[in-house]
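Once you have looked at the hints, place chain B on chain A.
In order, the protein sequences belong to chains A and B.
Counted from 1, the first sequence has number 47 at position 47 by this note's numbering; the numbering is strictly sequential.
With the second sequence counted from 1, adding 161 to any position gets you this note's numbering.
Since the hints were made in silico from the structure, they are not lab data.
Each hint should be verified, as a subset may be incorrect.
[Stated by the list, open to error] Some chain A residues flagged as far from chain B (calculated, every beta-carbon gap over 10 Å):
#1 R65
#2 E68
#3 L69
#4 S81
#5 H82
#6 A85
#7 A99
#8 D101
#9 F106
#10 R118
#11 A145
[What the hints assert, rightly or not] Mimicking BS3-like on lysine-lysine, the simulated pairs with C-alpha atoms at most 25 Å apart in a straight line are:
#12 A/K89 with A/K77
#13 A/K77 with B/K250
#14 B/K238 with B/K250
#15 B/K238 with A/K77
#16 A/K89 with B/K238
Note that beta-carbon positions come from the ideal geometry of N, C-alpha and C, so glycine has one too.
There are 2 protein chains.
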Amino acid sequence: MSSPDTSTDTAWLDDTEAQAWRSFLRMHTQLMARLGRELQTDSDLSLADFDVLVQLTDIPGGRIRVLELARALRWEKSRMSHHLARMVKRELIVREECANDRRGSFVAITPAGRAAIRTAAPRHVRTVRRLVFDAITPEQVAALAGLSEEVLRQLEEEPVD
Amino acid sequence: MSSPDTSTDTAWLDDTEAQAWRSFLRMHTQLMARLGRELQTDSDLSLADFDVLVQLTDIPGGRIRVLELARALRWEKSRMSHHLARMVKRELIVREECANDRRGSFVAITPAGRAAIRTAAPRHVRTVRRLVFDAITPEQVAALAGLSEEVLRQLEEEPVD
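The following block holds chain A by itself, in its conformation from the complex:
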């Protein structure tokens, strides 16, 4: 922690901050619910499917260790394996076990998976444009990028206990 917790009256959030925090949380929740619904309707994928497929198309060979994927997406191991099992069943990905490798198994995107993300991505991006970027000013876009980077920097600076 950057500032040790030495007092019980550590500064709370003032009204402006509390309001910003609540709006941010509500916005993210409602936006993701809507994006998920539209993605499902438009492309028959969930946001989770989409995130997995994007990760896989972003790497050469379209193949990654399950553990590494879980780390990239910040998913719990159990959520990861349940979700991947469903995607295997739908033939969007395949799982490649390696019994003789302690670092664990791989997943790889299938041609069907590539086709699915190729169709879904532009539709999804259009939805994001409509719901987010058409609704805010260029200054707000810049502020969103800037404050997101600051928080990410703060998270990186503080070692996890």
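Relative to chain A, chain B alone:
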């Protein structure tokens, strides 16, 4: 949808927007993962527990219909009932079935639930302050509130299909 999808070359995101969008998503994911971990360590609650308990303390009587709670949190029904079952087992809430009421059962916060959220909330707020509000400027706080409100307004304006 406000704008029908009539063309295939609908505006994509420019580099600045794409960068802002990626940073926003990464920031939210990493921030929530960290907040969840610290909440668990500090107060033995998950973020999901926290959100449920906050909803229940925010209403008079600390009692709400399960369906209404699911709507407020934007959770799927199955996630809701699994999660509530775990919280009942831990005695943070009780479930009150009403067989003769088609609008479904209620959940209510217990004294143990109230004690848990009373202890957890100030610690959680301190973490939020440290990770978010100490890392950004007052202008960024204002921008966060402003752009969140704009996106929420956009979501409200567009009827769900």
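Hint check:
1. Every C-beta of chain B lies more than 10 Å from that of A/R65, the closest at about 19 Å, which supports listing it as non-interface.
2. With a least beta-carbon separation of about 16 Å from chain B, A/E68 lies farther than 10 Å from that chain, consistent with its non-interface assignment.
3. Distance check on A/L69: its Cβ is at least 14 Å (rounded) from any Cβ of chain B, clearing the 10 Å threshold; non-interface status holds.
4. Non-interface call for A/S81 relative to chain B: holds, since the shortest CB-CB distance, roughly 17 Å, exceeds 10 Å.
5. No Cβ of chain B approaches the Cβ of A/H82 within 10 Å, the least distance being about 13 Å, so the stated non-interface status holds.
6. Under the 10 Å C-beta cut-off, the non-interface status given to A/A85 relative to chain B holds; the minimum distance is some 17 Å.
7. With a cut of 10 Å on Cβ distances, A/A99 stays outside the contact zone with chain B, its closest approach being about 31 Å.
8. Every C-beta of chain B lies more than 10 Å from that of A/D101, the closest at about 27 Å, which supports listing it as non-interface.
9. With 10 Å as the threshold on Cβ separation, the claim that A/F106 sits away from chain B holds: the shortest Cβ distance comes to roughly 23 Å.
10. With 10 Å as the threshold on Cβ separation, the claim that A/R118 sits away from chain B holds: the shortest Cβ distance comes to roughly 13 Å.
11. In this structure A/A145 is not separated from chain B by more than 10 Å, as the shortest Cβ-Cβ distance comes to only about 4 Å.
12. The suggested pairing of A/K89 with A/K77 holds, with an alpha-carbon distance near 18 Å, which does not exceed 25 Å.
13. Distance hint between A/K77 and B/K250 is fulfilled; the C-alpha atoms sit about 23 Å from each other, no more than 25 Å.
14. Between B/K238 and B/K250, the direct Cα distance comes to roughly 19 Å. Compliance with the 25 Å bound is thereby established for this hinted pair.
15. Proximity of B/K238 to A/K77 is assessed by CA-CA distance (about 23 Å); at most 25 Å being required, the pair is judged to hold.
16. Taking the CA atoms of A/K89 and B/K238, the gap is near 23 Å; set against the 25 Å cutoff, the hint holds.
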